[in-house]
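A.B. asks: Single-letter residue listing:
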Amino acid sequence: MIRVVLPHHLRNLAGVGDAVQVEVESPPTIRAVLDALEVRYPALRGTIRDHGTLKRRPFVRFFACQEDLSHQPPETPLPGAVVTGAEPFMIVGAMAGG
Amino acid sequence: MSSVRVLVGTKKGAFILTSDEQREQWEVSGPHFAGWEMYHLKGSPVDANRIYASQTSSWFGQVIQRSDDGGKTWATPDGAKIPEAFDPPGSASNRFAYEGEVGTHQFYDGTQHPWEFKRVWHLEPSLTEWDTVYAGVEDAALFKSTDAGATWRELPGLRAAKGALWQPGAGGMCLHTILLHPSNPERITVAISAAGAFRTDDGGTTWKPINRGLKSAYEIPDPTADVGHCVHRLAMHPSRPDVLFMQKHWDVMRSDNAGDMWYDIGDGLPTDFGFPIEVHAHEPETIYVVPIKSDSEHFPPDGKLRVYRSRTGGNEWEALTSGLPQENCFVNVLRDAMAVDSLDPCGIYFGTTGGQVYCSADSGDSWKPIVRDLPAVLSVEVQTLP
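First to last, the protein sequences are chains A and B.
For the first sequence, the positions run 1 to 98 when the working numbering is used.
For the second sequence, the positions run 1 to 386 when the working numbering is used.
There is no bait here: all hints are sound.
Partial pick of chain B residues on the chain A-facing surface, computed with a CB cut under 7 Å: (1) G35; (2) S58; (3) W59.
Keeping only pairs whose Cα atoms sit at most 27 Å apart, straight-line, the calculated DSSO-like set for lysine-lysine is: (4) A:K55 <-> B:K118; (5) A:K55 <-> B:K144; (6) B:K11 <-> B:K293.
Worth flagging that the hints you see were computed from the coordinates, not collected in a lab.
Each residue gets a CB set at the ideal place from its N, CA and C atoms; glycine is no exception.
Make a model of the complete structure from these sequences and hints.
C.D. replies: What follows is the structure, encoded as structure tokens:
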């Protein structure tokens with residue numbers, strides 16, 4: 001099971017706590033974890049990535065193991081510590097504004 | 001005893017204000033969806049407990065919410081179920097996909113720009129069909145749901161009405177007004193900034209611009225063009241659906257033939273710029289506007305917040321000031337932020353960008369703030385409950 005940390009507003013939207021756990025099909029990639037997340041929590045569809053293109057929304061960022069994975073291709077494998085559940089996959093609302 | 005429920009959308013959440021028919025003591029519920037921009041909430045005329053809400057965010061995009069218990073609880077119309085297998089994108093209640101070839105519209109710099117969905121500005125539940133609701137969106141298009149908001153299909157004939165010539169106003173290219181004819185379900189009238197007003201007489205399959213008589217000097221190259229006019233709001237009284245009232249970027253206008261021809265009724269106003277326009281619930285010739293100083297200030301002239309009322313369908317206006325701040329007031333009243341109830345006497349409501357929601361329980365003669373310190377108000381709708 002992979003732990004996913006959601007930003008405050010998406011936690012409220014999905015009706016969950018700080019972190020959720022999802023089972024991800026192999027190979028575990030960024031795309032696979034987002035697919036699994038949207039299956040488990042349909043209300044999140046369209047809020048993290050575009051419905052049609054599946055592109056990450058501009059003000060949403062992905063982090064894991066202190067690394068910014070936001071610009072990595074969706075097929076990028078998740079770090080081993082995320083796959084084992086030791087570290088979370090973090091979805092973060094980018095700091096924006098003034 | 002009747003009561004009223006005021007649905008307020010703000011920049012940072014939704015609020016529900018309730019009162020009995022006296023409209024003096026109010027209960028405030030909220031914020032709902034705290035931190036999200038709530039562009040619009042509207043109750044169904046078929047079932048007052050069914051309320052739709054447009055929830056949007058620069059970060060997380062569009063969400064549609066629906067309540068079936070008068071705003072006590074909410075859910076995304078398709079979000080409650082947990083599917084066993086992955087449903088392909090397209091089944092979600094927040095997916096607004098343009099039909100067919102997306103095409104382009106005119107952009108700020110005069111070039112052509114692809115249509116891109118940004119948000120839902122306005123939700124209009126059907127007058128008669130339980131599960132039918134329309135959504136006006138930015139970039140401008142009209143969507144229809146026949147499953148209570150779970151899925152949406154565009155009515156693409158609207159963008160075929162010279163859509164390549166439409167252009168965004170300062171607030172974006174939004175479809176903000178949807179008027180449903182009270183007895184003819186084939187007729188729908190919409191308005192778009194900055195494209196103009198449009199009408200269908202075949203249930204949304206084909207549309208035509210209805211902008212004759214509008215003049216937009218210094219706003220568009222041909223001031224009397226078919227499309228390109230910056231219409232801010234339309235209003236209609238259900239007893240006389242062929243009479244339409246319009247607050248345009250500049251000019252307050254009226255049509256007596258369902259928009260086929262418009263004429264100016266703004267004489268007597270301190271400025272004919274503004275955003276909302278509304279019609280009294282029981283007097284179809286009594287209309288309300290909030291004059292605003294423009295082009296760039298967007299606050300009341302002289303710092304005096306005044307609603308103007310015409311009891312003659314236009315051209316003779318009186319300032320309504322009792323209870324409204326008459327000095328140092330520099331708020332705006334946005335296009336969807338005014339509404340009326342259907343009690344007697346008719347209640348008039350509006351919200352400001354300063355976070356006040358005002359109510360007049362006597363058709364505008366006097367005003368009181370229901371709340372003073374909400375986030376900037378984007379929309380106000382009223383439900384009159386039996």
